[in-house]
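> Single-letter residue listing:
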Amino acid sequence: MAEEVHLGLPGPWAADYREKADHYTTKIGGVPDWPTGDMGIKPEMLQCSLCGTKLCLVAQVYAPVVKLNIEERIIYVLVCPTPECGPKPQSWKVLRVQKCRNVEQTEGDGDELGQGTGPPSTSVPEEQIDKNKSHDINDDDFDLDALAEALEQAATLASNSKKKNKSKCANAPIERPVLKEKPADLSIPVLPCFYIYYDKEQYRVKVAVGSSSNEFPLDKEMTDTGNYEEEKWDGEKYEYDKAIGADRTFLKFKKRLDAYPEQCFRYSYGGKPLLAATKVQDAGTCRFCGSPRQYELQLMSPLLYFLHEAGKGSSNYGPSNWTWLTLIVYTCSKSCCPSSCGGRPCGCCWGVAEEEITIQEDEAV
Amino acid sequence: MAERGGERGGERGGDRGGFGRGFGRGGRGDRGGRRGGRRGQRQEEEKWVPVTKLGRLVQEKKFATIEEIYLHSLPVKEHQIVEALVPGLKDEVMKITPVQKQTRAGQRTRFKAFVVVGDGNGHVGLGVKCAKEVATAIRGAIILAKLSIVPVRRGYWGNKIGQPHTVPCKVTGKCGSVTVRMVPAPRGSGIVAARVPKKVLQFAGIEDVFTSSRGSTKTLGNFVKATFDCLMKTYGFLTPEFWRETKFSKTPYQEFTDLLAKPTKGLMLEAPIETVEA
Chain F
1 MAEEVHLGLP
11 GPWAADYREK
21 ADHYTTKIGG
31 VPDWPTGDMG
41 IKPEMLQCSL
51 CGTKLCLVAQ
61 VYAPVVKLNI
71 EERIIYVLVC
81 PTPECGPKPQ
91 SWKVLRVQKC
101 RNVEQTEGDG
111 DELGQGTGPP
121 STSVPEEQID
131 KNKSHDINDD
141 DFDLDALAEA
151 LEQAATLASN
161 SKKKNKSKCA
171 NAPIERPVLK
181 EKPADLSIPV
191 LPCFYIYYDK
201 EQYRVKVAVG
211 SSSNEFPLDK
221 EMTDTGNYEE
231 EKWDGEKYEY
241 DKAIGADRTF
251 LKFKKRLDAY
261 PEQCFRYSYG
271 GKPLLAATKV
281 QDAGTCRFCG
291 SPRQYELQLM
301 SPLLYFLHEA
311 GKGSSNYGPS
321 NWTWLTLIVY
331 TCSKSCCPSS
341 CGGRPCGCCW
351 GVAEEEITIQ
361 EDEAV
Chain V
1 MAERGGERGG
11 ERGGDRGGFG
21 RGFGRGGRGD
31 RGGRRGGRRG
41 QRQEEEKWVP
51 VTKLGRLVQE
61 KKFATIEEIY
71 LHSLPVKEHQ
81 IVEALVPGLK
91 DEVMKITPVQ
101 KQTRAGQRTR
111 FKAFVVVGDG
121 NGHVGLGVKC
131 AKEVATAIRG
141 AIILAKLSIV
151 PVRRGYWGNK
161 IGQPHTVPCK
171 VTGKCGSVTV
181 RMVPAPRGSG
191 IVAARVPKKV
201 LQFAGIEDVF
211 TSSRGSTKTL
221 GNFVKATFDC
231 LMKTYGFLTP
241 EFWRETKFSK
251 TPYQEFTDLL
261 AKPTKGLMLE
271 APIETVEA
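If you read the sequences in order, they're chains F and V. To convert, note that position 271 of the first sequence is 271 in UniProt numbering; the numbers rise steadily by one, no gaps. To convert, note that position 100 of the second sequence is 100 in UniProt numbering; the numbers rise steadily by one, no gaps.
Be aware that one or more of the hints could be misleading.
[Claimed, not checked] Below, simulated DSSO-like cross-link-like pairs (lysine-lysine); rule was C-alpha separation at most 30 Å, straight line:
#: 1; chain 1: F; residue 1: 334; chain 2: F; residue 2: 67
#: 2; chain 1: V; residue 1: 160; chain 2: F; residue 2: 242
#: 3; chain 1: V; residue 1: 101; chain 2: F; residue 2: 252
For the record, the hints were derived by calculation from the structure and aren't laboratory data.
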């Protein structure tokens with residue numbers, strides 16, 4: 001049962017919480033980077049279903065699926081920033097944005113495969129090719145190179161100060177961002193922003209280190225301690241872990257969290273989620289194609305901790321009211337194309353689909 | 001402090017001194033003294049990232065003692081909470097016993113560790129963990145023991161002079177077939193109990209008590225759990241001091257939520273900037 005789980009570990013903080021990256025960046029908080037300027041998203045998709053406030057971005061995950069040959073696919077997790085709505089599950093939304101595939105490779109955006117010189121590939125799930133886009137840059141580009149340079153410098157500087165940055169540093173906006181000349185929309189609320197770098201989870205179920213042959217001499221010593229021969233400790237059997245406040249599922253959850261205490265999310269397309277409580281809701285079926293939904297990624301509590309720490313001191317701050325342990329995202333198992341282009345080989349339309357998210361709460365609250 | 005880690009594995013060759021620490025042990029306990037000096041080598045101790053809401057509040061030092069958590073019966077799910085709130089926590093491994101399971105390929109042996117933690121002043125916890133390796137079992141049992149820390153109520157046998165020294169009333173605890181009964185004792189009696197429950201009572205901070213047990217106390221696992229169950233019940237016994245109606249106060253979650261909702265600084269959310277050109 002060796003599924004690979006990729007962990008999103010925290011990278012450098014963004015210099016400005018509203019800075020734009022591109023849609024290949026994986027980050028937490030900040031402003032959502034839509035692939036094209038005009039996504040055609042219905043406004044109610046970006047509004048809280050309970051109170052109508054504009055949703056703010058919690059996580060943006062670039063998630064290509066190599067098996068299905070889909071490379072342009074991003075998942076956005078949005079939430080209502082008002083403190084009253086935050087704890088309720090209806091105020092969370094997950095959008096899957098995907099470019100619809102065509103049979104023939106259109107040349108309209110053919111440059112997207114152009115490599116060019118770019119930073120070495122980051123260790124992203126399913127080994128995506130690091131794209132250094134040269135397309136979609138309009139003629140009226142302002143000082144993009146300087147901006148990219150400055151951002152790259154800030155990113156590498158911040159990442160060098162971080163401990164244990166084994167894999168290449170964050171998907172910082174090193175690639176030149178898409179310029180669409182849209183003014184920054186300041187009415188969108190924004191959470192503190194930081195970038196994510198990936199690591200594979202190395203969870204050793206069978207610990208071979210410290211071989212058990214060493215155990216025996218010590219064990220003999222333990223049994224002989226104190227010359228208490230009449231104490232036999234008979235009849236012991238295997239016992240499952242039990243604590244007064246935590247059940248077995250949570251203890252296992254905590255154990256895996258303790259192996260990587262800073263994991264912000266876990267990614268495993270089609271894998272099994274790490275549950276914090278045994279009660280799990282049915283994921284349902286995809287709205288577009290009817291195929292069942294499957295687990296893709298889950299957000300973990302350290303993310304909440306980092307956001308909380310960053311926003312300390314400010315009132316009316318959404319994440320201070322959140323009490324979830326983990327948020328599980330289910331997406332369409334076929335990753336169907338949600339746009340309505342009618343199959344025409346256009347190669348440019350992006351589809352937006354809403355997916356399912358379930359919250360596992362800390363039920364003590 | 002009592003936290004132990006995997007580096008024990010490397011030291012095991014040299015340290016033949018067993019894992020026991022704490023007071024009252026037959027061997028005068030000086031093996032524990034050496035243990036303290038080694039802890040400075042643990043450099044890779046990572047900062048605690050709290051998982052639960054309670055953990056976040058504890059890390060922000062919103063709680064002074066663990067009693068506030070007991071007052072609201074909040075479940076403690078992270079052992080770091082207990083480490084932060086209860087200073088002076090000591091632990092001791094009471095027993096490591098192999099348990100075996102019959103499989104097609106022979107027998108599979110795992111080790112079961114019993115660990116008791118306590119501060120000797122009214123807080124005690126018991127942890128039991130089975131694992132394939134001794135070190136893992138001990139580490140896991142210490143964590144489980146910390147998660148299971150309970151308050152122990154102490155009272156007087158007769159005159160209420162000095163500090164409470166014995167159980168407040170006769171209490172009895174049961175696990176499996178073993179029942180343990182604790183009876184208040186006058187000062188100076190000491191703990192009158194078998195060796196194994198005596199250790200638990202010492203960690204709890206009880207100075208004098210008479211005990212009586214029944215059932216198959218040979219199953220020491222059940223015996224020690226019955227003692228622990230008995231200690232848990234000391235605060236469950238209704239005595240006239242508790243007849244007064246409880247004044248309910250806000251749970252920490254509500255209290256601190258309101259605190260955060262009060263406008264202390266500017267809003268996090270930015271409103272559209274409207275510049276008025278003169």
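> Keeping to a limit of 30 Å between CA atoms, is the pair of residue 334 (chain F) and residue 67 (chain F) held or broken?
Cα-Cα ~10 Å, so holds.
> For the pair we were handed, residue 160 (chain V) and residue 242 (chain F), check the Cα-Cα distance against 30 Å.
38 Å, violated
> Hey, residue 101 (chain V) versus residue 252 (chain F), does the alpha-carbon distance stay inside 30 Å?
Status holds; Cα separation ~22 Å.
Checked against the numbered hints above, the structure violates only hint 2.
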